[in-house]
Amino acid sequence: MPQTADVRINGKEFTVAEGTSVAAAVLNAGYSMRTSIHGEPRAALCGMGICYECRVTIDGCQHRKSCQVLCATGMEIETT
Amino acid sequence: MTRVVIIGAGPAGLAAAAAAGRVARVTVIDDNTEAGGQIWRRTRNAWTIEHPGVETKFQARVIAATQADVTIETPDSCERLPFDKLILATGARELFLPFPGWTLPQVTGAGGLQALVKSGLNIQGKSVVVAGTGPLLLAVAAYLKSKGATIPLIAEQAPAARVNRFARSLLSHPGKLWQGARLKARLLGVPYRTDCWVESAEPGMLRLRTPGGSGSQPFDYLAIGYGLWPNTELAQLAGCRLSNGFVEVDAAQRTSIPNIYCAGEPTGIGGVDMALAEGRIAGCHATGQPTPPLPNRAFVQALTTTFALRPEVRAVATADTIVCRCEDVPLSRIQSCQGWREAKLQTRCGMGPCQGRICGPAIQTILGWPHQSIREPVFPARIESLLT
Ligand SMILES: Cc1cc2nc3c(=O)[nH]c(=O)nc-3n(C[C@H](O)[C@H](O)[C@H](O)COP(=O)(O)OP(=O)(O)OC[C@H]3O[C@@H](n4cnc5c(N)ncnc54)[C@H](O)[C@@H]3O)c2cc1C
Chain F
1 MPQTADVRIN GKEFTVAEGT SVAAAVLNAG YSMRTSIHGE PRAALCGMGI CYECRVTIDG
61 CQHRKSCQVL CATGMEIETT
Chain B
1001 MTRVVIIGAG PAGLAAAAAA GRVARVTVID DNTEAGGQIW RRTRNAWTIE HPGVETKFQA
1061 RVIAATQADV TIETPDSCER LPFDKLILAT GARELFLPFP GWTLPQVTGA GGLQALVKSG
1121 LNIQGKSVVV AGTGPLLLAV AAYLKSKGAT IPLIAEQAPA ARVNRFARSL LSHPGKLWQG
1181 ARLKARLLGV PYRTDCWVES AEPGMLRLRT PGGSGSQPFD YLAIGYGLWP NTELAQLAGC
1241 RLSNGFVEVD AAQRTSIPNI YCAGEPTGIG GVDMALAEGR IAGCHATGQP TPPLPNRAFV
1301 QALTTTFALR PEVRAVATAD TIVCRCEDVP LSRIQSCQGW REAKLQTRCG MGPCQGRICG
1361 PAIQTILGWP HQSIREPVFP ARIESLLT
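So the protein lines, in turn, are chains F and B. Just so you know, we're using my numbering here: the first sequence kicks off at 1 and counts up by one. Just so you know, we're using my numbering here: the second sequence kicks off at 1001 and counts up by one.
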């Protein structure tokens, strides 16, 4: 198993430690996760897959809960 | 061979699986990537190896339950799994109460921030205020401090007298006392203020209240949680009876449905030792093995009375505070409705992807409306899953 994973977040390359969730990678990179219907930036609240505030697009698939997905090399992550 | 399905791989579910796995065919299902539940998150990878006879399914979410089978959704499949005995060990989530500023990206749950840090969020050098209520605040603060955060304050809403009485009562629970002493050592120098709650937050600055005054507190992150709320949705779907918001069980952890058991937080917020004991009892009884004795519930009761919410924290949301974060519905619009049904129809409150899991308990706590009725699926599901 590799010790790190290389992902792209909003087009920028990041190398993260193995086992890093997409949510942690996005926050470490300085982004919030989504824009609320009234235009506020939102980020993970519960950290355990319940609140849906941490939704991002992963490899083209929208609305993935980033706190429950681990980073893997080659992943394309986009916040909204 | 009896076919046992266990939902939840936290302490309760794993204890049940270890007990039942000795004599039955067991499948444990959890929506996380690994075993461990909330407290052991990501530190129990070895568990599945130690119990090779127990089948595990991770990143698998149970979206429906009947008295004979459960429907499971994974990122790329959906299946129905029949059972002879079902053990619900679905744990709890944090209770979040809305206040002005709680939707800022820098505001997370208390256990929520801990979970994010455990999964790689870098907190080194950040100033984290930990607030809300309950012993979880201490565990979270100690953990964040060990990961390099500065904790300028732990704000506990409960009054000093009750917290002190609780601390003294731990003398009769030697194990807990030891835990407490260890936490205290790890939190040396961290201010712990009782009778204190967060009134509002704006980027970088919190407004704090005490019964006699108010003050400001700079912060990078606010980790705030008002205790735990049981995950009873699946039990309700399967038709199990609740009492006082918790799943009703007998001394063998049986629910009102004969072949469905429940263990851990959904039966009462009692912490990890209680979850383990209840899981063991459920796993044994469901498979016809002698059951170990029921642990003492005095501690559960003491927790509930000590950290009961004060009226002021139920009233920190103002008219324009967003309560339903999925649909951005402010308190004033919800309050103008007669109840849940009207609020859903008129405002879409509780109709977003979290399906009322966050705003439901909040509204029950601040407005007294009982949490909405449960309908399948308990999580948003893919269309193809609904057709199986
Ligand atoms: C966020 C959080 C942080 C906590 N941190 C601490 C701590 O640091 N120290 C401490 O002493 N106590 C902590 N606690 C309390 C701790 O959770 C309990 O003491 C103990 O873990 C309860 O065990 P359990 O097995 O009942 O539930 P849990 O550990 O909550 O396990 C339940 C499991 O079921 C899964 N699940 C639920 N519904 C479904 C479904 N429909 N489909 C699939 N899987 C499902 C959940 O994802 C979870 O993994 C925390 C609680 C929470 C909510």
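These are calculated hints, taken from the structure and not from any lab test. Just so you know, even glycine gets a beta-carbon here, dropped at the ideal spot from N, CA and C. Accuracy of the hints is not assured; some may be wrong.
To be verified - Distance condition first, Cα-Cα at most 20 Å in a straight line; then the derived DMTMM-like pairs of lysine to aspartate or glutamate:
hint, chain 1, residue 1, chain 2, residue 2
1, B, K1147, F, E76
2, B, K1126, B, E1050
3, F, K12, F, E76
4, B, K1344, B, D1328
5, B, K1344, B, E1312
6, B, K1118, F, E18
Stated by the list, open to error - Heads up, incomplete: computed chain F residues facing chain B, CB under 10 Å, no partners named:
hint, residue
7, G60
8, Q68
9, G74
Results for each hint:
For the proposed pair B/K1147 and F/E76, the alpha carbon gap of about 28 Å is over 20 Å, so the pair is violated. With a C-alpha separation of about 38 Å, the suggested pairing of B/K1126 with B/E1050 is violated against the 20 Å cut-off. Proximity of F/K12 to F/E76 is assessed by CA-CA distance (about 9 Å); at most 20 Å being required, the pair is judged to hold. Between B/K1344 and B/D1328 the alpha-carbon distance is near 13 Å, which keeps this suggested pair within the 20 Å criterion.
Proximity of B/K1344 to B/E1312 is assessed by CA-CA distance (about 27 Å); at most 20 Å being required, the pair is judged violated. The hinted pair formed by B/K1118 and F/E18 meets the criterion: a straight-line CA distance of about 12 Å does not exceed 20 Å. The beta carbon of F/G60 comes no nearer than 14 Å to any beta carbon in chain B, farther than 10 Å, and the hint placing it at the interface is violated. Proximity of F/Q68 to chain B holds as hinted, the smallest CB-CB distance being about 7 Å (cut-off 10 Å).
Hint status for F/G74: violated, given a least beta-carbon distance of 16 Å to chain B, over 10 Å.
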